[in-house]
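Enquirer: In the order they appear, the protein sequences are chains A and B. For the first sequence, the working numbering assigns the number 23 to the initial residue and increments by one for each residue that follows. For the second sequence, the working numbering assigns the number 729 to the initial residue and increments by one for each residue that follows.
Okay, the calculated beta carbon distance ranges per label pair:
#1 L916/B x A202/A: 25 to 35 Å
#2 I811/B x Y186/A: 49 to 59 Å
#3 P819/B x L24/A: 30 to 40 Å
#4 Q145/A x P992/B: 23 to 33 Å
#5 L93/A x G1000/B: 19 to 29 Å
#6 I811/B x N199/A: 39 to 49 Å
#7 N897/B x Q201/A: 36 to 46 Å
#8 G852/B x Q201/A: 43 to 53 Å
#9 G1000/B x L24/A: 50 to 60 Å
#10 H747/B x N199/A: 46 to 56 Å
With a straight-line cut-off of 25 Å between C-alpha atoms, the simulated SDA-like cross-links for lysine to any residue are:
#11 K303/A x L270/A
#12 K923/B x L301/A
#13 K303/A x R911/B
#14 K303/A x G825/B
#15 K303/A x D913/B
#16 K303/A x Q198/A
#17 K303/A x I838/B
#18 K303/A x P117/A
#19 K303/A x P819/B
#20 K303/A x F927/B
For the record, the hints were derived by calculation from the structure and aren't laboratory data. Just so it is clear, CB atoms sit at the ideal spot from N, CA and C, and this is done for glycine as well.
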Amino acid sequence: MLEFVPQLIVNGIVLGSIYVLVALGLTLIFGIVDVVNFAHGEFYMVGAFLAFLVVNSLGIPYLPGIAVAALGAAAFGFITERLLIRPLRRRASPPINYVLVTVGLSTFLTSTVLFMVGPDLRQIPSPYMKQMIHVGGVYLTTHRLLVVIVGAIIVGILIYFVKYTSLGSQMRATAQNFQAATIVGINTDRVFALTFVIGAVLAGIAGALVGAMFVTEPTMGMTIIVKAFIVVIVGGMGSIAGSVVAGLGLGLVETIAGVLMPSEFIDIIGFSIMIIVLLTKPSGIFGIKGGQGA
Amino acid sequence: MIFVACLLPLVFSEAFHQHIFITIVINSILAVSLGIVVGYLGELSLAHGAFFGIGAYTSALISINLNVPFFVALPLAVLFAGIMGYLIGIPALRLSGHYFAIATLGFQGIVILMIINLVDLTRGPMGLGGIPPVGPYHIFGLTISFLQKLPYYYLALAVLLIVLLITRNLLRYKFGQAFIATREDPLLAASIGIKTGRFRLLAFSLSAAMAGAAGSLYAHYALFISPDSFHLSESIYIATMVIIGGRATILGPLIGAIVLTAVPEALRFAGGLQFVLYGLMLMVVVIFMPKGLVGLLDRFKRKSRSVQLTTLEG
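Could you build all of it, start to finish, from the sequences and the hints given here?
Expert: This is the structure in structure tokens:
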């Protein structure tokens, strides 16, 4: 039993890296644009399918394929903000309308992809899935290592961007106080569009990574968004550090729980942790926003 | 309106149409009951599909295992769904806004996972079959079998009417005033002696109990239930009815339920594009009709009224 522990930890970190990538976008969009994006899982799904398309049909190698997925997801994020979110914001719509519009987008994207390609399970061909690495007692494919590396690099870039660039501080200012940010001349429209683009890119890359590791299918977004919600709540809505810690934590907890109990019960743990955090500290472990926020 | 509702299935007597009417009535119960939470507490619950499922499973399991008739199983399902609503409401209602919505999403997930995993009781993902139908009853030499669609429609309609009456009375009298006061300004409401926490909890449990009634009706109509019907997507679907219809009225959820049940059926001609169009419609409605269909109606009314006024002045 004990000799499996390093292997479990590694598996947990791989899974957790995916959760982090998806949850980061969700938490940024919530923290800055103040929108709970129910279509976030679909950015992830679209990323996976774009990568599948270019790798499988056009014969482009896997790594550039991820880049194409990221670019495509960026376009989706941009269009979403322009066509759906901005018109609602202009009218100062109640939060419930944002939920509805993103639910509509989620249904639209899932069923469009389902209509175009059918419900079959696909896998993006990745050459790294066949290479095994063996360190100590731990076995993992190069692909899984790639997931962790890509995740780490992206988190690093994101933190640098948000902390040390002008656009990044504009984002933080907008998150803290939208009106004050507008008054000091920040182009908040641009900040919101940028936030959506960043969020979509992160989700798209995660999708392209998972689509090669597990399966690519039209409803994959629905599974991941629930996990992302758990991570965002536990980490604190709007907190980057919180999402990283909670995402890796959830990956680890789920992997370890998978050994101890039947796999169907694992998801109950995530939900339970989320509810406990909501009740004891709704702002999450790293949260800045209060529990009464609308 | 009740008159029209009673006549409809006689005019459209095809089985398929009658099936849609029954679905509309069940969905109306769900939407009106969620409307209490959305409209009068100002909160979005994403656990309504779970209460619907709790009602359906309770009713089905009681009538299968204890061999009791529908008219005993229905109140028990309502009661149990209400109790579950109460228990979930205690922690969830400490939150509001986004946080409340996501907490209910968590409870929705837990309930559905319980239904799936308590295989010994619920037969898990395989679904639960062999649910006894309602009746047949012999009254005054007449045999009424609720296996037929027409009698079942009237049965469901009767339940809907009760739900509508309760909801209307709830909002019209002291209770309703307290609800609205609580939604508009919880602090002020508390200061004039309204126990806001208790009202929120009461409204939430009541709404869950009504969803339980819908679940019981659904179980004894479909005669087979599986966890698939009570997923998060169902909760979102019910929430959509309420918001599309227009919040804070009873009429809104009712219209939303009718439209959102009929539209996907009407879109069937589009085959695989059915839900593509549906998703598209949702987005268009939110962008162009922010107050829902009822809001559109109001605007139309106001316009015609102002036209009248101008003609009077002229």
